[in-house]
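Engineer: Residues per chain, in single letters:
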Amino acid sequence: MASTIRVRATSSGDTTEVQALIQHPMDSGFVKDAQGALIPAHFIQQLTFEHNGKTVFVADWGPAVAKDPYVKFSFKGAQKGDDLKIGWVDNKGASDSTTAKIG
Amino acid sequence: MSISLDRSLVTRRLILKGAGAVALIGLGSVSFGIEGALAAANDKYPDDAFKQKSDADAIKSLYGKTAEASDKVKLDAPEIAENGAVVPIAVTTTLEAVTSISFFVSENPNSLAASYVIPEGTLPSVSNRLKMQKTSNVIAIVEAGGKLYSAAKEVKVTVGGCGG
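First to last, the sequence lines map onto chains R and S. To convert, note that position 46 of the first sequence is 45 in numbering that gives the first Met the number 0; the numbers rise steadily by one, no gaps. To convert, note that position 94 of the second sequence is 93 in numbering that gives the first Met the number 0; the numbers rise steadily by one, no gaps.
Just so you know, not all the hints are guaranteed correct.
[What the hints assert, rightly or not] No farther apart than 27 Å at their CA atoms in a straight line, the calculated lysine-lysine pairs in the DSS-like style are these: (1) R:Lys71 x S:Lys73; (2) R:Lys31 x S:Lys50; (3) R:Lys79 x R:Lys100.
[As the list claims (entries may be wrong)] Computed spacing ranges between beta-carbons, pair by pair: (4) R:Ala33 x S:Ser53: 17 to 25 Å; (5) S:Thr93 x R:Gly35: 48 to 56 Å; (6) S:Glu67 x R:Gln78: 36 to 44 Å; (7) R:Asn51 x S:Thr157: 40 to 48 Å.
Read the hints as simulated data drawn from the structure, not as lab findings. Don't be surprised by glycine CBs; every beta carbon is placed ideally from N, CA and C.
Can you make the complete structure from the sequences, with help from the hints?
Structural biologist: Okay, structure coming up:
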């Protein structure tokens, strides 16, 4: 099954820049559908990045994060070829995870 | 990846529901270390803070203290957001010992939009995309050395981010 997570992690010297794009509706719970009924809130709550068993970044998200959320950050201490583990959990208890290679 | 326009919300919703159901079934059979990852992160999701309406209440719930404005916090946000549903906001800082970065949109129903944990070794710099319901102040809070620092910018929104 295709992952919902697309990651590009590129390292330059000691610093690795990570860009992640995740497929998710991030419904706020404030929007009505064509029938006038509220579309229930459905959004990623926590997104975690790990390198060598250490958490390098945690995103705590609410429904005000845009649909198909994007995030960019950088961290030190990784090298090309290292693995970066990414996982998310949403407010309905669904989740996804993937491992990306740092390039 | 196709991002469909909201022409036919009912159809899109049905497709998403179906896709969601299939995705969940698929996920059920995969064993992933997400629980381990969350446990290792040792960070509880700040549920209460996300429920607060005002900036002050959200900041208090999230950090338990107040922030002082600082020119060492550089908030990058557009003057005018063409699309309130996707507003690119970024922050970086020269402050040291940063442990957390958060974003608040004052005029949103709930002020706190996103909060990030910055472990040691991670740069104090985050780019993300937020929804803004209408023209509003966007506030970035940086927790560094146990204190809070902030920067704010007004972002004008022409088309609101809540589908209306």
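Engineer: Check whether the Cα positions of Lys71 of chain R and Lys73 of chain S lie no farther apart than 27 Å.
Structural biologist: holds (16 Å)
Engineer: Is 17 to 25 Å a correct range for the gap between the Cβ atoms of Ala33 of chain R and Ser53 of chain S?
Structural biologist: violated (33 Å)
Engineer: Taking 27 Å as the top limit, are the C-alpha atoms of Lys31 of chain R and Lys50 of chain S close enough?
Structural biologist: holds (20 Å)
Engineer: Given the hinted pair Lys79 of chain R and Lys100 of chain R, is their alpha-carbon gap at most 27 Å?
Structural biologist: Within the cut-off at roughly 8 Å; holds.
Engineer: Go ahead and decide if the range 36 to 44 Å is satisfied by the Cβ distance of Glu67 of chain S to Gln78 of chain R.
Structural biologist: holds (38 Å)
Engineer: Given a hint of 48 to 56 Å, does the C-beta separation of Thr93 of chain S and Gly35 of chain R actually sit inside it?
Structural biologist: Since Thr93 of chain S and Gly35 of chain R have Cβ atoms about 49 Å apart, the given range 48 to 56 Å holds.
Engineer: Please check whether Asn51 of chain R and Thr157 of chain S have a Cβ separation lying inside 40 to 48 Å.
Structural biologist: holds (45 Å)
Checked against the numbered hints above, the structure breaks only hint 4 and satisfies the rest.
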